[in-house]
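Enquirer: Just so you know, the sequences run in chain order A and B.
Numbering of the first sequence is given in the working numbering, commencing with residue 1 and proceeding in unit increments.
Numbering of the second sequence is given in the working numbering, commencing with residue 1001 and proceeding in unit increments.
Keep in mind that the hints were calculated from the coordinates and are not lab data.
Watch out, some of these pointers could steer you wrong.
[What the hints assert, rightly or not] Here are the simulated DSS-like pairs of lysine-lysine, each with C-alpha atoms no more than 27 Å apart in a straight line:
1. K212/A / K1116/B
2. K1166/B / K348/A
3. K1166/B / K291/A
4. K1117/B / K212/A
5. K347/A / K1117/B
[Said to hold, decoys possible] Here are some of the chain A residues that sit facing chain B, going by a computed Cβ distance under 8 Å:
6. K212
7. T213
8. L215
9. Q224
10. D225
11. D231
12. A232
13. G233
14. A356
15. L359
16. Q360
Predicted model only: the values in this text are computed from it and were never measured.
Backbone N, C-alpha and C define an ideal beta-carbon position, used for all residues, glycine too.
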Amino acid sequence: MKKDNKIFTFLRDNSVPIMFVIICAVCIPVSGFSYGYLLNEIVTRMGRNIFLILALLIPIMSGMGLNFGMTLGAMAGEIALILVSDWQIWGIPGVVLAMILSIPISILLGAFCGKILNMAKGREMITSYIISFFMNGIYQLVVLYMMGSIIPIKHFSVKLPRGYGIRNTVSLLNMRQCLDNLLAVRVDGVKIPVLTFLIIGVLCVFIVWFRKTKLGQDMRAVGQDMNVARDAGINVERTRIISIVMSTVLAGFGMVIYLQNMGNIATYSSHSQIGMFCIAALLVGGASVDKASIGNVFLGVILFHTMFIVAPKAGAQITGDSMIGEYFRVFVSYAVITVALIMYETKKRKHKSAAAQQLQAAQNEEAAK
Amino acid sequence: MANANAPLLEMRNIKKDFFGNQVLSDINITLAEGEVLGLCGENGAGKSTLMKILFGMDVIRETGGYEGDILINGEKVTFNTPFDALAAGIGMVHQEFSLIPGFTATENILLNREPKKRNIVSEVFGDRLDTLNYNEMTGRAEAAIEKMGFHIDKDMVISDMPVGHKQFTEIARELSKDQLKLLILDEPTAVLTEKEAEALLASIRSMSEKGIAVIFITHRLHEILSVCDKVVVMRDGLVVADVPAASTSVSEISKWMVGRSVATAAKADIRDHSDAKTIMSIKRLWVDMPGETVRDVSLDVKEGEILGIGGLAGQGKLGIPNGIMGLYEAGGTVEFDGKTIPLNSPRKCLDSSLAFVSEDRRGVGLLLDESLEWNVAFPAMQVQNKFLKNYLGGLIKWRDEKAIREVTERYIDELQIKCTGSKQKAKELSGGNQQKVCLAKAFALEPKFLFVSEPTRGIDVGAKALVLEALRQFNRESGVTVVMISSELEELRSICDRIAIVSGGKIAGILPASDPSEDFGMLMVSMVK
Chain A
1 MKKDNKIFTF LRDNSVPIMF VIICAVCIPV SGFSYGYLLN EIVTRMGRNI FLILALLIPI
61 MSGMGLNFGM TLGAMAGEIA LILVSDWQIW GIPGVVLAMI LSIPISILLG AFCGKILNMA
121 KGREMITSYI ISFFMNGIYQ LVVLYMMGSI IPIKHFSVKL PRGYGIRNTV SLLNMRQCLD
181 NLLAVRVDGV KIPVLTFLII GVLCVFIVWF RKTKLGQDMR AVGQDMNVAR DAGINVERTR
241 IISIVMSTVL AGFGMVIYLQ NMGNIATYSS HSQIGMFCIA ALLVGGASVD KASIGNVFLG
301 VILFHTMFIV APKAGAQITG DSMIGEYFRV FVSYAVITVA LIMYETKKRK HKSAAAQQLQ
361 AAQNEEAAK
Chain B
1001 MANANAPLLE MRNIKKDFFG NQVLSDINIT LAEGEVLGLC GENGAGKSTL MKILFGMDVI
1061 RETGGYEGDI LINGEKVTFN TPFDALAAGI GMVHQEFSLI PGFTATENIL LNREPKKRNI
1121 VSEVFGDRLD TLNYNEMTGR AEAAIEKMGF HIDKDMVISD MPVGHKQFTE IARELSKDQL
1181 KLLILDEPTA VLTEKEAEAL LASIRSMSEK GIAVIFITHR LHEILSVCDK VVVMRDGLVV
1241 ADVPAASTSV SEISKWMVGR SVATAAKADI RDHSDAKTIM SIKRLWVDMP GETVRDVSLD
1301 VKEGEILGIG GLAGQGKLGI PNGIMGLYEA GGTVEFDGKT IPLNSPRKCL DSSLAFVSED
1361 RRGVGLLLDE SLEWNVAFPA MQVQNKFLKN YLGGLIKWRD EKAIREVTER YIDELQIKCT
1421 GSKQKAKELS GGNQQKVCLA KAFALEPKFL FVSEPTRGID VGAKALVLEA LRQFNRESGV
1481 TVVMISSELE ELRSICDRIA IVSGGKIAGI LPASDPSEDF GMLMVSMVK
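The following block holds chain A by itself, in its conformation from the complex (with noise of 0.2 Å):
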């Protein structure tokens, strides 16, 4: 009895990864790819993906929920990496380059997200979108009408024909997957990023080590209870914003590491539906609203982007229709965060009922005596 129930608990706990796992286990027969061709897309999504999604581990830790303040850590990379593009700075030094301009820009959009967290505490989620609309809105006046007049843009390759603003698309074929190439290993003929990954364990390494500190310490108090915490002397405020900030600014490197493997910006896209694949890919891999590790990362993006991956191929080969592979994707992205919102919500009042079962249990077993 007591064994099933463990059985029961671990399935209802782990419901969504344990979805995708069957999802991507009919898929992939379907789909027709060979296995040599999988790996090699998904490890290559993985190098893309994981330095940003990590990024979403510090708010969630503070508290401050699935955070769609990195999105404007990868708008700060954006303009980071068109900066490096018109002074055709490419290569490793390009990608250096625009990390380092990145993070000023970072940190300055962090603390005003931050800031204004700190007036909407306990509805950060949705908060942080709109701010991130918001800050599309500023993003797309810099970038097209600022840039060239008053930002000095020179290369005719990223700047309008009309003299000011950038182009639509701003290739980075010159510095296309060099972090990813750099001591890259052929292991039966799936390329394996290793330079990626090592900054990847790097930035693995420094989350587990930043939990042991004061500071990671005082951010998992605050984002368990902060009236507590500040009854205990931490400043919660400035604790918040700093784990904003640092998620921007991560972000922000997540995204120039992004951008280098896809070899291009789309000017205008890129950032907009990032924030939403990253906490989607997140959620698949099992975290929940107020609970992610480093092993959800990994297992999300595993997931996530072997749908991405076999679902638009088994979709067409299903209906004969490609479309409907696209389709289901997005539709998918937006289910999972739907589902995991809900589920988080269940698992609250569940946790409510409880006690009042406990008093009638208590009640029942007094009678009893």
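Put chain B on the given structure of chain A with help from the hints.
Expert: Relative to chain A, chain B alone:
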């Protein structure tokens, strides 16, 4: 300049008023090193306010500070924040837990006082990036638990702990502070099992042997007698007794607690309804209302009577109406007028002509941003389709503004609600007048049965008398059965026919209102948990 002969703590002529409402007058208390002081008194006697002053809580400063002096070791001190009090060696364990649920006992004990190790990163980015020194944390937590003398698992996560262990974790946290000289325990045994409470008493004794003074607030009087050196009893903002524990008894203390200098209050026209039919019969009711848990309550209410429900705060008296009316999760059976009332469903209760005036005026009782007319008529409109004009055979319903205004104005008159007119917004009224609006709202429902919860809380004396009189009239003239819940015994005695006392979530006893206060006092503390 610390004077070796001065007592550890001396409070001199402490006075405090909240906006002209005197809650403490001329409190003098002294406490020596290692002494254990038992502080008791009814709700509203001023215990909490006094402790808040001692602990430098923000609310005191925000409401205009206090008068009088606090001296620690003979030196005058002023605490602007709890952190000042902590630095001076005062620790306080509050009634509500202040623990991080996902942390272990160790992490909670040393919250924000964790021992740290420097590292390269923290040299650059500042000391918040120091890593925690887990070995030393374990050591310090162990030492604190040792000092407390009750064993708790230092590695257990708080959310997995039984509630008593959480309490001990809090105490261990205070003990882990090296500068601790005075520990305030605010009803620490309220959540403990009997065995744990014993252990706590033992641990208080061992603290006192180590030279830590303790102020122990509790409603369990025998605990005070068994562990304290002296007892201070407060009533109505005054210290009514300050005696060595050895020279007093439980009955004497409870008499001090409830006894009024004017022992007249019990009303003249007490009626006996024991022959009347039982209109509501509550059987084995439990209610999960945080802080007001009700356990296994069975109670019969007779038709036409005014039944009072009294008891100390947190004992569950508020849980009874809130549970029956479906505002908090409840179980058991409630029969009203021969029919079973389904629990957890407010609408069904209202449909059966029950009405409830909540103690939470601003939250549950009123639509603060709406006019008085709306507030008075809204429930009647919703529940009973009153004040509506039907067109097209009831397909379209319009508000009958005229009828609404009339009824509102009638109640404004009857209850002497002070307002600029029936269109004024509810939030603009004073507390007492808001309470009257709540009553008007319930009266407009024309119920057969009325629950009134803390109707006089936070309102002035004049309004109080009016509210009580309105209730009495409503009962007498319309024959409505009224169940009134109140923390103030004298108020209950002045209006009710019978009074049930709730203690430890259960009915400790039901007495006619004419019985002496002391008997009620004994019931109040009889089963305190």
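Enquirer: Does each hint hold? Answer for all of them.
Expert: Hints versus structure:
{"no.": "1", "hint": "K212/A / K1116/B", "verdict": "10 Å, holds"}
{"no.": "2", "hint": "K1166/B / K348/A", "verdict": "21 Å, holds"}
{"no.": "3", "hint": "K1166/B / K291/A", "verdict": "23 Å, holds"}
{"no.": "4", "hint": "K1117/B / K212/A", "verdict": "11 Å, holds"}
{"no.": "5", "hint": "K347/A / K1117/B", "verdict": "38 Å, violated"}
{"no.": "6", "hint": "K212", "verdict": "5 Å, holds"}
{"no.": "7", "hint": "T213", "verdict": "5 Å, holds"}
{"no.": "8", "hint": "L215", "verdict": "4 Å, holds"}
{"no.": "9", "hint": "Q224", "verdict": "5 Å, holds"}
{"no.": "10", "hint": "D225", "verdict": "5 Å, holds"}
{"no.": "11", "hint": "D231", "verdict": "5 Å, holds"}
{"no.": "12", "hint": "A232", "verdict": "4 Å, holds"}
{"no.": "13", "hint": "G233", "verdict": "5 Å, holds"}
{"no.": "14", "hint": "A356", "verdict": "4 Å, holds"}
{"no.": "15", "hint": "L359", "verdict": "5 Å, holds"}
{"no.": "16", "hint": "Q360", "verdict": "5 Å, holds"}
Violated hint: 5 only; the structure is consistent with all others.
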